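**Q** In this note's numbering, the protein residues as written are 25 to 262.
Just so you know, the hints here were simulated from the structure itself, not pulled from any lab data. Keep in mind it's a predicted model, so treat the numbers as computed, not measured. Where a beta carbon is used, it is the ideal one built from N, C-alpha and C, also for glycine. Do not take every clue at face value.
[Said to hold, decoys possible] Below, simulated DSS-like cross-link-like pairs (lysine-lysine); rule was C-alpha separation at most 27 Å, straight line:
#1 K55 with K211
#2 K191 with K178
#3 K178 with K211
#4 K233 with K215
#5 K215 with K191
#6 K233 with K178
[What the hints assert, rightly or not] The following label-pair restraints were derived from C-beta to C-beta distances:
#7 H128 with R155: 11 to 21 Å
#8 S205 with A96: 40 to 50 Å
#9 G192 with Y81: 47 to 57 Å
#10 F40 with H128: 38 to 48 Å
#11 S84 with V44: 36 to 46 Å
#12 V44 with E207: 46 to 56 Å
#13 F106 with D181: 30 to 40 Å
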Amino acid sequence: MWNELILDAHSIYRLFIGIVIISAHLTLTKKQSLTQFTSIDFIGNFILGGIIGGIIYNHSVSTFSYVVLLLATVGMISLFNFIASRFMPARQIVKGKAVTIINHGHFVIDSLDDANNTFDMISFTEELRSRGIFSVEDVEFAQYGSNGSLTVVKKGDGSLSYVLVSKGQVVQDQLEASGQSKEWLTKELDKNDIKLEDIFFAELEGREKIYIVMNDMTTHSFAFTLESSQEDGKEITE
25 MWNELILDAH SIYRLFIGIV IISAHLTLTK KQSLTQFTSI DFIGNFILGG
75 IIGGIIYNHS VSTFSYVVLL LATVGMISLF NFIASRFMPA RQIVKGKAVT
125 IINHGHFVID SLDDANNTFD MISFTEELRS RGIFSVEDVE FAQYGSNGSL
175 TVVKKGDGSL SYVLVSKGQV VQDQLEASGQ SKEWLTKELD KNDIKLEDIF
225 FAELEGREKI YIVMNDMTTH SFAFTLESSQ EDGKEITE
């Protein structure tokens, strides 16, 4: 009996350690809601749960080894998230790409024909209705973000902004969604004597200007010249 109580207390102690480590990890990374989680976080949390569930009753594994394994897992989750936040190609692998469904009032063929895209027209129109939009004809722009959320701009509601650069790196999916190219962006930056690596954040505001925050937190804003590709020959026209 006493042996069983000691073993149960030991298991509860290990469970407590696991909860503390995971709670501290979520607090330090400021990811305390599901909307803030990346795919790495979801996978990591499954692994952490498996470690805790598989080891708290396995007394052949020392508590020290158990803690080291938990900390190593937390460290790898943080490392992968750091890499994804610093390198755009890794970010797109981890978080996925935004998918533009409607641009300038027309369906985008590339998005609809993509074999990897699971777009469903019925679900799409249901989401529009939930936002008070009862006809696709009223939509100027619609895009599924990398987190699965739908962004919709109705005709007459103004233009959408696009994040073109984050921490010195081009945000390729946003640039493509805007209808522009990396060559166009580079040319516009060169015209204004701005280096890509010096940019903390750059946003294309509608069809009018680019707003830039530099690494030293100074700001720049300038008008730009649209590429002819902006008229998007790849869209379905009336």
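**Q** Each of the hints needs a verdict: does it hold here or not?
**A** Okay, the hints, checked on the actual structure:
no., hint, in the structure
1, K55 with K211, "violated (38 Å)"
2, K191 with K178, "violated (31 Å)"
3, K178 with K211, "violated (31 Å)"
4, K233 with K215, "holds (14 Å)"
5, K215 with K191, "holds (20 Å)"
6, K233 with K178, "holds (21 Å)"
7, H128 with R155: 11 to 21 Å, "holds (19 Å)"
8, S205 with A96: 40 to 50 Å, "holds (42 Å)"
9, G192 with Y81: 47 to 57 Å, "holds (49 Å)"
10, F40 with H128: 38 to 48 Å, "violated (56 Å)"
11, S84 with V44: 36 to 46 Å, "violated (23 Å)"
12, V44 with E207: 46 to 56 Å, "holds (51 Å)"
13, F106 with D181: 30 to 40 Å, "holds (37 Å)"
Comparing the model with each numbered hint stated earlier shows that hints 1, 2, 3, 10, 11 do not hold.
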